[in-house]
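Visitor: Chains as they are written, first to last, in the working numbering: chain F, 1 to 682; chain W, 1 to 388.
Quick caveat, the hints were computed from the structure, so don't treat them as lab data. None of the values given here were measured: they were computed from a predicted structure. Don't be surprised by glycine CBs; every beta carbon is placed ideally from N, CA and C. Do not take every clue at face value.
Calculated lysine-lysine pairs in the BS3-like style (CA-CA distance at most 30 Å, straight line) [to be verified]:
#	chain 1	residue 1	chain 2	residue 2
1	F	Lys45	W	Lys269
2	F	Lys123	W	Lys120
3	W	Lys261	F	Lys188
4	F	Lys59	W	Lys129
5	W	Lys120	F	Lys92
6	W	Lys67	F	Lys59
7	F	Lys209	W	Lys120
8	F	Lys197	W	Lys31
9	F	Lys188	W	Lys67
10	W	Lys269	F	Lys197
11	F	Lys45	W	Lys261
12	F	Lys188	W	Lys129
13	F	Lys197	W	Lys385
14	F	Lys113	F	Lys123
15	F	Lys197	W	Lys120
16	F	Lys123	W	Lys261
17	W	Lys269	F	Lys132
18	W	Lys261	F	Lys92
Label-pair ranges, simulated between beta-carbon atoms [to be verified]:
#	chain 1	residue 1	chain 2	residue 2	range
19	F	Glu120	W	Ala308	49 to 59 Å
20	F	Ile500	W	Pro218	50 to 60 Å
21	F	Ile40	W	Gly124	36 to 46 Å
22	W	Phe33	F	Asn182	54 to 64 Å
23	F	Ala218	W	Leu159	43 to 53 Å
24	W	Leu71	F	Glu120	20 to 30 Å
25	W	Gly124	F	Leu150	30 to 40 Å
26	F	Arg48	W	Ala214	38 to 48 Å
27	W	Phe33	F	Asp15	42 to 52 Å
28	W	Gly46	F	His79	53 to 63 Å
29	F	Asp15	W	Leu208	20 to 30 Å
Residues per chain are reported as follows:
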Amino acid sequence: MAFLGQEEQIREFQDRFRYLYAILLVGIFFLLSRLIYLQILNGDKMRRYSEENRIRRIKIVAPRGMIFDRNHQLLIDNHPAFDLEIIPQYLKESRQTKEVVALLSKIVHMPEKELFDLLEKAKNQPSFYPIKIKADLTRDEVAEIESWKLAMPGVQIQEEIKRTNIFRDIASHLLGYIGEVNATELPKLFKLGYNYKLGDSIGKFGLEKELESILRGADGERIVEVDALGRIKLEKGKERVLNGVLEKPAIPGKNLVLTIDQDLQLSAAEAFGDKIGAMVAIDPRSGQVLAMLSRPSFNSTEFSRGIPSSIWAQLLNNENHPLRDKAIQDHYSPGSVFKIITAIAGLEEGVIDEKTKFHCSGSMRVGNRVIHCWEKHGHGEVNVISAITESCDIFFFKVAQKLKSVDDIAKWAMRLGLGKKTGIALAREIPGLIPTEEWKQKRLHQPWNAGETLSVAIGQSFVLTTAIQLANAYAALGNGGTLYRPYVVKALESNEGQVIQEFKPEIVGQANLSPKTIELVKQGLWGVTNSPHGTGFRSRLPGMDFVGKTGTVQLFRIAADKIYQRCENMKFQDRHNGLFVGFAPAKNPVIAVAVIGEHVCHGATAAAPIARAVIKKYLEKLNPELYGEKALAARLKGAQKIQEPTPAVIEEKEDIVPNEGIPALALPPTETPKEDDDEPND
Amino acid sequence: MTHSSMESQTQSGFGDESNIPRFGLYEEELKKFDWNLLILEIVLFGVGIWNLISATGVQDKSLGLYKSQLLWFGIGMACTALILLVHYSTFSRLAYGIYFANLVLLVIVLLIGKASLGAKRWVGVGAFKIQPSEFMKLSMLICLAKYFESDRTVGGYTLKDLILPFLLAAIPCTLIILQPDLGTAMIIILTATSMLLFIKIHPQTLLLLGVCAAVAIPTAYKFALKPYQRQRLISFIDPMSDPKGSGYNSIQSKIAVGSGKLLGKGYRKGTQSQLNFLPEHHTDFIFSVFSEEHGFVGSVILLAIYLAFILSGLSVAHQSHDKFGLLLALGIMLSFFWQIFINLGMVMGMLPIVGVPLPFLSYGGSSLITSVLSVAILTNIANKKFMF
Chain F
1 MAFLGQEEQI REFQDRFRYL YAILLVGIFF LLSRLIYLQI LNGDKMRRYS EENRIRRIKI
61 VAPRGMIFDR NHQLLIDNHP AFDLEIIPQY LKESRQTKEV VALLSKIVHM PEKELFDLLE
121 KAKNQPSFYP IKIKADLTRD EVAEIESWKL AMPGVQIQEE IKRTNIFRDI ASHLLGYIGE
181 VNATELPKLF KLGYNYKLGD SIGKFGLEKE LESILRGADG ERIVEVDALG RIKLEKGKER
241 VLNGVLEKPA IPGKNLVLTI DQDLQLSAAE AFGDKIGAMV AIDPRSGQVL AMLSRPSFNS
301 TEFSRGIPSS IWAQLLNNEN HPLRDKAIQD HYSPGSVFKI ITAIAGLEEG VIDEKTKFHC
361 SGSMRVGNRV IHCWEKHGHG EVNVISAITE SCDIFFFKVA QKLKSVDDIA KWAMRLGLGK
421 KTGIALAREI PGLIPTEEWK QKRLHQPWNA GETLSVAIGQ SFVLTTAIQL ANAYAALGNG
481 GTLYRPYVVK ALESNEGQVI QEFKPEIVGQ ANLSPKTIEL VKQGLWGVTN SPHGTGFRSR
541 LPGMDFVGKT GTVQLFRIAA DKIYQRCENM KFQDRHNGLF VGFAPAKNPV IAVAVIGEHV
601 CHGATAAAPI ARAVIKKYLE KLNPELYGEK ALAARLKGAQ KIQEPTPAVI EEKEDIVPNE
661 GIPALALPPT ETPKEDDDEP ND
Chain W
1 MTHSSMESQT QSGFGDESNI PRFGLYEEEL KKFDWNLLIL EIVLFGVGIW NLISATGVQD
61 KSLGLYKSQL LWFGIGMACT ALILLVHYST FSRLAYGIYF ANLVLLVIVL LIGKASLGAK
121 RWVGVGAFKI QPSEFMKLSM LICLAKYFES DRTVGGYTLK DLILPFLLAA IPCTLIILQP
181 DLGTAMIIIL TATSMLLFIK IHPQTLLLLG VCAAVAIPTA YKFALKPYQR QRLISFIDPM
241 SDPKGSGYNS IQSKIAVGSG KLLGKGYRKG TQSQLNFLPE HHTDFIFSVF SEEHGFVGSV
301 ILLAIYLAFI LSGLSVAHQS HDKFGLLLAL GIMLSFFWQI FINLGMVMGM LPIVGVPLPF
361 LSYGGSSLIT SVLSVAILTN IANKKFMF
């Protein structure tokens with residue numbers, strides 16, 4: 001197999017092997033001498049180091065990024081917290097365990113027995129692992145422990161951070177909370193290439209979770225040489241392995257600047273009072289979320305150092321689900337606020353125009369059934385504008401009858417972003433549902449029935465939306481048809497406040513509405529809050545061009561004789577949901593707001609005032625010269641004062657969407673949002 | 001073997017390139033079967049398993065690691081039996097095929113590989129994962145040996161002759177550095193370079209290459225290395241610069257080895273490693289576990305076994321009368337030498353921490369299989385030397 005002439009070359013090669021052997025010997029010599037140096041010459045010292053754990057790593061916790069609102073108002077801060085720890089090895093070594101425990105029990109007011117129990121419990125783990133004795137020491141306790149430190153070997157104070165929501169329970173769902181990383185999460189994080197250790201904090205919910213990698217930073221560390229009692233050795237000497245202290249500084253996390261305006265959230269929270277529900281405000285020009293609340297809420301600060309189980313149990317067992325973000329995580333029937341979609345579908349599909357009028361007598365016959373308008377005496381002659389203003393059910397039933405199929409409504413609902421996730425960068429957003437014939441066939445294996453289209457036309461039946469979808473859909477209508485992806489983080493800033501990255505608006509779709517349609521719908525919406533016949537007239541904001549749509553949704557099918565029963569007389573859980581979605585100013589809106597109040601009975605009287613408060617606050621802040629109190633007064637002087645309707649009239653303005661023909665279960669089980677009680681320390 | 005083996009031997013005749021050696025063992029081969037390397041391999045692996053049981057004994061999660069190591073060894077032994085049945089020149093024919101298949105695997109790793117500790121190094125299905133970069137150590141050697149086999153350059157290689165071998169090493173190295181796996185890339189570069197030096201490069205070319213390296217290395221340091229890799233190099237020079245990562249490992253590993261003293265702390269009694277001071281102590285830092293528990297005496301014995309192993313391997317190369325066999329055996333032994341030297345140097349704090357496993361002792365299937373296959377090829381070369 002050899003080539004001619006190869007033998008010679010091979011012989012030449014074989015001569016060179018002696019160099020190889022020489023190199024090999026040199027290598028072995030190096031390794032051998034290193035072994036002698038480490039094990040024979042320095043063996044005693046190294047043995048002592050290994051036995052006494054003379055090298056200690058001290059964690060330097062990286063400050064987590066802070067969270068600001070759009071005006072740099074601080075929302076989430078790091079407050080220091082101090083934990084008491086004992087390293088059993090050093091305590092044992094000192095042979096003063098009894099004395100130390102006695103002294104410590106006095107300082108931190110814990111019975112000696114409890115301390116001994118804690119030490120006993122940790123017997124199985126390596127003795128150099130610190131045991132946490134008490135979390136969140138007071139300043140006085142910290143000072144006293146520091147002053148007695150020399151008398152208490154093995155006792156140390158570990159500084160930790162306490163993530164603090166400055167506004168307690170405001171927007172805790174959005175901001176989220178952190179908790180200790182747990183054993184089940186570790187392997188997953190490890191796989192993703194993250195370096196977490198047990199006891200580290202990690203975002204568990206909301207922005208704290210979504211932007212964990214940005215907020216977290218990197219912990220630093222100090223490596224120090226200690227004596228046999230765990231005291232840091234400072235003097236230089238022969239016995240040392242390290243020359244000085246090795247330190248790697250912590251890298252602080254990046255700060256977040258949100259698109260949120262905290263003042264709006266505070267106004268909304270105030271207007272909410274103890275009502276249950278959600279509110280979302282979006283800038284229609286960009287998709288920036290200006291405010292986002294879910295009530296009832298919780299104080300995210302309580303989660304930061306491990307939530308006490310009593311508080312956790314309370315949150316879990318509360319039937320109003322304070323842990324759920326109702327703005328993105330819960331489905332609601334939109335009811336009457338959905339009627340604009342039916343109006344748009346009717347206008348765009350050409351089955352009605354601005355001149356189309358229908359007569360509302362309070363009820364109409366469909367097949368062999370009679371269905372009712374919420375206004376039992378009827379609205380008389382209505383066109384598309386007055387139908388929206390007065391929320392006339394019969395008008396929209398008739399539009400639905402004229403449309404080819406439910407798919408015509410679905411088409412326009414989807415173009416405005418309903419029935420699918422808005423794409424906001426928060427986990428757990430649910431898609432909602434806009435039914436189509438195909439969907440029903442696929443899901444329920446039943447053909448669509450024409451009667452259901454009428455229910456869909458007034459936002460009932462299978463139609464399910466989220467608060468953020470409604471706000472975004474109205475925002476898109478307001479800005480002329482552009483659908484943005486809502487976003488909450490405006491910029492990332494360095495620890496020193498320098499802008500690192502700014503986020504830009506992202507267009508996700510165009511509704512392609514004709515200007516005429518937009519104009520007609522806006523006129524209808526204008527009437528709601530500005531015409532005495534409007535369902536939301538009481539929440540008008542003169543001079544601010546505030547427009548919107550009310551909705552009141554029955555939650556259960558109610559027997560015919562009880563349809564007009566007063567909501568307030570019902571059991572709380574049976575009461576209607578109230579909705580309001582609107583924007584201002586009507587022409588070129590700068591804010592769109594959706595409010596959903598659970599069991600508040602009326603959209604007009606319970607939800608609309610919350611939206612009103614938010615919009616008023618925002619416009620005043622944005623442009624005081626135009627919308628300030630004085631400016632408004634001056635502008636409105638001379639304008640004809642619109643007559644206030646008497647309270648009796650208002651009571652009648654309840655556009656309750658009757659629950660005719662609603663299937664008992666709106667959704668098959670697979671579509672129901674998962675009850676996801678996210679345990680923080682599971 | 002049967003009667004016909006003599007026949008086929010004559011048929012496959014000396015210097016006759018066109019004849020493909022038959023499948024199976026030759027009679028002479030059985031008589032003079034070279035057991036040295038196989039025995040040393042089994043001894044080293046036995047020590048490795050014994051040590052691995054100690055190293056992984058404390059952590060619950062890794063308790064069964066030695067079992068999968070045994071499984072990999074079994075697979076490796078089955079492959080060894082197959083390799084011994086063919087003539088090693090088969091590898092010369094398949095060289096480029098093996099090489100490209102391995103390259104494709106490396107690309108797949110980068111595209112859909114599984115990540116661990118921030119590096120993408122594995123491909124596979126479920127629990128069965130392989131690390132193609134480990135196999136590249138061997139594939140590249142087969143290719144280099146083939147290239148130089150058919151070459152008849154006299155008086156040293158010039159730059160032009162080295163373009164192809166350079167590419168053969170540089171392409172996989174680039175892919176491996178991208179993973180990033182600095183250690184494996186370094187072993188490939190060192191092995192290829194030392195092989196070229198052995199084959200003899202033209203003095204002028206050597207000078208030119210030296211200058212290039214002097215320019216390229218700082219450039220690569222600045223642009224090609226990831227920050228953490230740079231950090232590792234810096235921390236070797238100045239342990240202060242990164243106490244958390246490499247510096248800390250270096251210190252703890254040194255303490256582990258040193259604290260073994262003359263006789264060691266005893267099997268499964270090494271505190272440094274048992275108590276988890278040392279991260280990755282069952283893979284790259286496995287020697288510190290051994291050295292801590294068995295002391296200077298144990299370490300010297302282990303070193304002696306490795307020395308015997310390398311000497312046996314080199315003597316296979318030395319005695320081969322076939323250029324391909326000689327170069328392949330040489331390359332394999334150079335690769336072993338560099339892995340052992342760099343790993344031990346790193347564990348004992350003499351060299352930067354670059355992530356090189358210790359052959360037969362470190363935990364890791366792909367590394368083990370590559371080592372076992374290498375020994376199989378060496379034994380094959382040793383057995384076939386009667387044919388020349």
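Visitor: Each of the hints needs a verdict: does it hold here or not?
Guide: Hint-by-hint comparison with the structure:
At most 30 Å may separate the alpha-carbon atoms for a hinted pair to count; lysine 45 of chain F and lysine 269 of chain W meet this at roughly 18 Å. At roughly 39 Å between alpha-carbon atoms, lysine 123 of chain F and lysine 120 of chain W are farther apart than 30 Å, so this suggested pair is violated. For the hint linking lysine 261 of chain W to lysine 188 of chain F, the alpha-carbon distance of about 39 Å lies beyond 30 Å, and the restraint is violated. For a cut-off of 30 Å, the pair hint linking lysine 59 of chain F to lysine 129 of chain W is broken: about 35 Å separates their Cα positions.
Between the alpha carbons of lysine 120 of chain W and lysine 92 of chain F the distance comes to roughly 45 Å, so the proposed pair goes past 30 Å and is violated. For the hint linking lysine 67 of chain W to lysine 59 of chain F, the alpha-carbon distance of about 36 Å lies beyond 30 Å, and the restraint is violated. A hinted pair counts as satisfied when its Cα atoms are at most 30 Å apart, and lysine 209 of chain F with lysine 120 of chain W qualifies at roughly 25 Å. The hinted pair formed by lysine 197 of chain F and lysine 31 of chain W fails the criterion: a straight-line CA distance of about 58 Å is larger than 30 Å.
A C-alpha spacing of about 24 Å is found between lysine 188 of chain F and lysine 67 of chain W, which places the hinted pair at or below 30 Å, so the restraint holds. Pair hint lysine 269 of chain W plus lysine 197 of chain F holds up; C-alpha atoms about 25 Å apart against a cutoff of 30 Å. Proximity of lysine 45 of chain F to lysine 261 of chain W is assessed by CA-CA distance (about 10 Å); at most 30 Å being required, the pair is judged to hold. Using a Cα cut-off of 30 Å, the hinted pair lysine 188 of chain F and lysine 129 of chain W holds, with the two alpha carbons roughly 18 Å apart.
Straight-line distance between C-alpha atoms of lysine 197 of chain F and lysine 385 of chain W comes to about 56 Å, which puts the hinted pair past the 30 Å bound. Taking the CA atoms of lysine 113 of chain F and lysine 123 of chain F, the gap is near 15 Å; set against the 30 Å cutoff, the hint holds. Taken as a hint, the lysine 197 of chain F and lysine 120 of chain W pair is honoured in the structure, with Cα atoms around 21 Å apart against an allowance of 30 Å. Proposed proximity of lysine 123 of chain F and lysine 261 of chain W is supported: the alpha carbons are some 29 Å apart, at most 30 Å.
The hinted pair formed by lysine 269 of chain W and lysine 132 of chain F meets the criterion: a straight-line CA distance of about 28 Å does not exceed 30 Å. With a C-alpha separation of about 26 Å, the suggested pair lysine 261 of chain W and lysine 92 of chain F falls inside the 30 Å cut-off, and the hint holds. For the pair glutamate 120 of chain F and alanine 308 of chain W, the beta carbons lie near 52 Å from each other, so the given range of 49 to 59 Å is met. In this structure, isoleucine 500 of chain F and proline 218 of chain W break the distance hint of 50 to 60 Å, their C-beta atoms being roughly 30 Å apart.
For the pair isoleucine 40 of chain F and glycine 124 of chain W, the supplied restraint of 36 to 46 Å holds, since their beta-carbon distance comes to about 44 Å. The given range of 54 to 64 Å is respected by phenylalanine 33 of chain W and asparagine 182 of chain F, whose C-beta atoms sit roughly 57 Å from each other. The hinted window of 43 to 53 Å between alanine 218 of chain F and leucine 159 of chain W holds, with their beta carbons roughly 45 Å apart. Between leucine 71 of chain W and glutamate 120 of chain F the beta carbon distance is about 42 Å. The supplied range of 20 to 30 Å is therefore violated.
The hinted range of 30 to 40 Å is not satisfied by glycine 124 of chain W and leucine 150 of chain F, whose Cβ atoms lie roughly 56 Å apart. A beta carbon spacing of about 44 Å between arginine 48 of chain F and alanine 214 of chain W agrees with the range 38 to 48 Å that was offered as a hint. Distance hint check for phenylalanine 33 of chain W and aspartate 15 of chain F: the Cβ-Cβ separation is about 28 Å, which falls outside the suggested range of 42 to 52 Å. At about 57 Å, the CB distance of glycine 46 of chain W to histidine 79 of chain F agrees with the hint of 53 to 63 Å.
Checked against the hint of 20 to 30 Å, the pair aspartate 15 of chain F and leucine 208 of chain W passes, with Cβ atoms roughly 25 Å apart.
Violation of the numbered hints given earlier is confined to hints 2, 3, 4, 5, 6, 8, 13, 20, 24, 25, 27; the remaining hints are satisfied by the structure.
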